[in-house]
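Asker: Protein chains in written order, with numbering that gives the first Met the number 0: chain E, 0 to 223; chain X, 0 to 296.
Among the hints, a few may not be true.
Simulated pairs of lysine-lysine, PhoX-like, Cα-Cα distance not exceeding 25 angstroms [what the hints assert, rightly or not]: (1) X:Lys223 - X:Lys212; (2) E:Lys16 - E:Lys80; (3) E:Lys73 - X:Lys76; (4) X:Lys212 - E:Lys73; (5) E:Lys205 - E:Lys175; (6) X:Lys76 - X:Lys114; (7) X:Lys212 - X:Lys142; (8) X:Lys293 - E:Lys72; (9) E:Lys16 - E:Lys6; (10) E:Lys80 - X:Lys212; (11) E:Lys72 - X:Lys114; (12) E:Lys175 - E:Lys119; (13) X:Lys76 - X:Lys127; (14) X:Lys293 - E:Lys80; (15) E:Lys205 - E:Lys185; (16) E:Lys185 - E:Lys202; (17) E:Lys6 - E:Lys205; (18) E:Lys6 - E:Lys119.
What the simulated footprint calls covered on chain X by chain E, stretch by stretch (three residues with Cβ under 8 angstroms from a Cβ of chain E suffice, anywhere in the stretch; the number is not a length) [as the list claims (entries may be wrong)]: (19) 5 to 12; (20) 198 to 210.
Hints in this document: simulated from the structure, not taken from any laboratory. Here the structure is a predicted model, which means the values were calculated and not measured. Just so it is clear, CB atoms sit at the ideal spot from N, CA and C, and this is done for glycine as well.
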Amino acid sequence: MLLSFEKVSLTYAPKHKILDEVSFTLPEGGFCFLTGTSGAGKSSLLRLIYQSDRPTGGQITLFGEPLTNKGDKKCAELRRKIGIVFQDFRLIPHLTAWENAALPLRLTDAGEDYIQRHTKELLEWVGIGDRMNALPTELSGGEQQRVAIARAVVTRPRLLLADEPTGNVDEDTALKLFHLFDELNKLGTAVILATHQSQMVEKFHKPALRLQNGRLASSKSFAA
Amino acid sequence: MSLPRHLFTPAFRHQHLGRSFAAIVGIMVFIASFAMAAEAILLTASYLWGQTMETRITVEIPAVGDESSMPQAERVKQATSVLRALPGVGLVMPLSDDEVERLLQPWFNNPDLLKALPLPTLIDIERKSGATLSATQIQAALKNVVSDARVDDHGAWTQDIWRLVRGLILLGGLTIALTAVTLIITVSLICRAVMAAEHETISLLHLLGAEDKDIARHFQMQAKCIARNAATLGFLIALAVTAALLFSTRHSADFSALQWNHWLGLSMTSLLIPISATFIAAITARISVMRLIKSFP
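This is chain X alone, in the form it adopts within the complex:
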């Protein structure tokens, strides 16, 4: 069965229904693709970043306040020895003064002030894979050597970041779900309008011996064609906007952890949106037509 391709074209042109249909699909795909891309980037970047941070612990050895105390270099040396002897510690790296100054630089307008201040020494520790060494255990081990040392476990505050990321992902998922629901409702309403405009043709097709499923299939084919083109356009615009945003924020946001295969994966994941939108629009059109057509003579 092959009804003429342009059988319902005037109905889609009626009061720009086809254009409205295409615009709705395009806009919904843009929003959903954008949300999906943002979610995927956030998730991948957080995961990669979290993988690095969760194994790290920083020990801060405050600068000595008076000359009678042990020299700072000796305090750091002893602390480093204790830390290296601890089970579960993989790597112990004391940061140089220059590195500490670089870390503090953003909070100080005057670089000379940094030179004048008694800066602490930071020791970066990397836990061995699977090790359960906690900040408290390190603090206890250092107590006899450097009693005023402060231990900061990054794993603790990355948990808060993860909670925030999970919340944002949930919000993104909700946005995508809402756009899908909006798409279904809108496509259904537009189909009603198109069907009303093509009432005569559908009645005639019935009288000529067309079955409901034949008419619905043909209508679905035309709706799918419009939806596919609109979804592709919406997706490409979303992709371009995402790329432009990433490019413009490249100095403030660090996505260096993402490799080319991550970017490829993200693009492929986002590609699910226009494919799903086309599928949803086509199926909604078919179901709407099948339900409406029952009332036709």
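Next comes chain E alone, as it looks inside the complex:
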């Protein structure tokens, strides 16, 4: 199993439970939507996976290892195996699309030739091969999100986390982006995609976890 949540809770204040005994599993190469209204706890759940937050109860197992309070080095190693796509893209404004997308590779031992070639191929694949030297401010919302997706998968991570990736783009672009995530999944990357756009979830016949007030309200099986 790639990821497992076992009665995971997250509490910020004694009476402010963000997640309440959430349990689910994600197999290697699986795809899972994470749905729920705004404030249901989707982003918090993702933050627990990429270790920006620590659970106050339960156990998370990722890549076969329990997520405990790891040190800086271990935490960084783990994060390099995960790709993250944010709603607000989080591109560095003074770096070009190419430089932004190549950034995670620069944190590895990859050689310059590989970085040049692979990033270029990936940007072409996400459909912005002709805008590689543009700054984020010169790109549309959809284009910026494509750069963010390229950055998230440039190191070929085993798990891709997307937090409302279509929240800042129009419906057509959102659909194209969903297809992009689907293609990535078919190439072997496990995906957890948090969204409140339930109509999109319906279009893709994929497993979905629905959060409501921090609890898992329903789930569509991975076998489905």
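Please arrange chain X on chain E, whose structure you already have, making use of the hints.
Answerer: Chain X alone, transformed into the frame defined by chain E:
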């Protein structure tokens, strides 16, 4: 690992933080280099001058007041003979009247007055290396020949000069140490401001899998680059100012004892300042970033 060179450039440009950083390093290096150069010149010149002066003793034979006394030339001749016979005396050189007049010239406006005055005769004595001959011993030896002779041991008053030089060197050292402390504090504060401006980028780098040491190393590299350029400029300005000051005071201050190899040594010693400042700035930047980064998500 090779993060883009300009990753933190906007942060350094934010509210001219980079310029402030460069200005602080440049000014501190200027002050410290200037203090170091002054110290080194003072120390070397004093040492060379002291080496010459410490072995010298001057005997003053006052001019005879009445004609019944022994002629001055005879008094000087006898005194010279006694002095040459003393153990530990290397060289005995009576100064001519012209030389004595030249020495007294600065204190007299009217040169004719000097001719009219009964001038003493001065005898310059050089002690042999390692000799312990004192002014009192010379005074005693001359007592029977020229009882009114006065002996002046330069070694005694060069000790006072040395004490003054040591005090000035200590003050210079303190100035350099204080500039180093000021540099550390200022660089640390500027780094905090830069980090605050680049909070988002650092958080993102963390989420992409960057370790604290990777971010700190990259930040240090950029800080080092700015510090190196600023330190070089500060050092060159200090060097130019020092050279200009030495040139403008060449008539009143005598640095003739300093040879080209001394000047080369002084320049090399002063070069330690910009190198140290660059090193201090880079290390301070790294430590500041490492400490601050712990609080980032």
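Asker: Now tell me if each hint is right for this structure.
Answerer: Against the structure, the hints:
1. The straight-line distance between the Cα atoms of X:Lys223 and X:Lys212 is roughly 16 angstroms, inside the 25 angstroms bound, and the hint therefore holds.
2. Taking the CA atoms of E:Lys16 and E:Lys80, the gap is near 29 angstroms; set against the 25 angstroms cutoff, the hint is violated.
3. Of the supplied pair hints, the one linking E:Lys73 and X:Lys76 is violated, its CA atoms being roughly 93 angstroms apart against a limit of 25 angstroms.
4. This hinted pair checks out: X:Lys212 and E:Lys73 have alpha carbons roughly 13 angstroms apart, not beyond 25 angstroms.
5. Between E:Lys205 and E:Lys175 the alpha-carbon distance is near 16 angstroms, which keeps this suggested pair within the 25 angstroms criterion.
6. Proximity of X:Lys76 to X:Lys114 is assessed by CA-CA distance (about 22 angstroms); at most 25 angstroms being required, the pair is judged to hold.
7. The suggested pairing of X:Lys212 with X:Lys142 is violated, with an alpha-carbon distance near 80 angstroms, which exceeds 25 angstroms.
8. A hinted pair counts as satisfied when its Cα atoms are at most 25 angstroms apart, and X:Lys293 with E:Lys72 qualifies at roughly 12 angstroms.
9. Distance check on the hinted pair: E:Lys16 and E:Lys6 sit about 13 angstroms apart at the alpha-carbon level, within 25 angstroms; holds.
10. Between E:Lys80 and X:Lys212, the direct Cα distance comes to roughly 19 angstroms. Compliance with the 25 angstroms bound is thereby established for this hinted pair.
11. A hinted pair counts as satisfied when its Cα atoms are at most 25 angstroms apart, and E:Lys72 with X:Lys114 does not qualify at roughly 90 angstroms.
12. Straight-line distance between C-alpha atoms of E:Lys175 and E:Lys119 comes to about 20 angstroms, which keeps the hinted pair within the 25 angstroms bound.
13. Between X:Lys76 and X:Lys127 the CA atoms are separated by roughly 21 angstroms; this keeps the pair inside 25 angstroms, and the hint holds.
14. For the hint linking X:Lys293 to E:Lys80, the alpha-carbon distance of about 22 angstroms falls within 25 angstroms, and the restraint holds.
15. Between E:Lys205 and E:Lys185 the alpha-carbon distance is near 12 angstroms, which keeps this suggested pair within the 25 angstroms criterion.
16. Distance check on the hinted pair: E:Lys185 and E:Lys202 sit about 17 angstroms apart at the alpha-carbon level, within 25 angstroms; holds.
17. Our distance criterion of 25 angstroms between C-alpha atoms is met by E:Lys6 and E:Lys205, whose separation comes to about 23 angstroms.
18. Proposed proximity of E:Lys6 and E:Lys119 is contradicted: the alpha carbons are some 42 angstroms apart, above 25 angstroms.
19. For the region 5 to 12 of chain X, the stated coverage by chain E is satisfied: 4 residues place a CB nearer than 8 angstroms to a CB of that chain, which reaches the threshold of 3.
20. With a cut-off of 8 angstroms between beta carbons, the region 198 to 210 of chain X has 10 residues touching chain E; three or more are needed, and the interface restraint holds.
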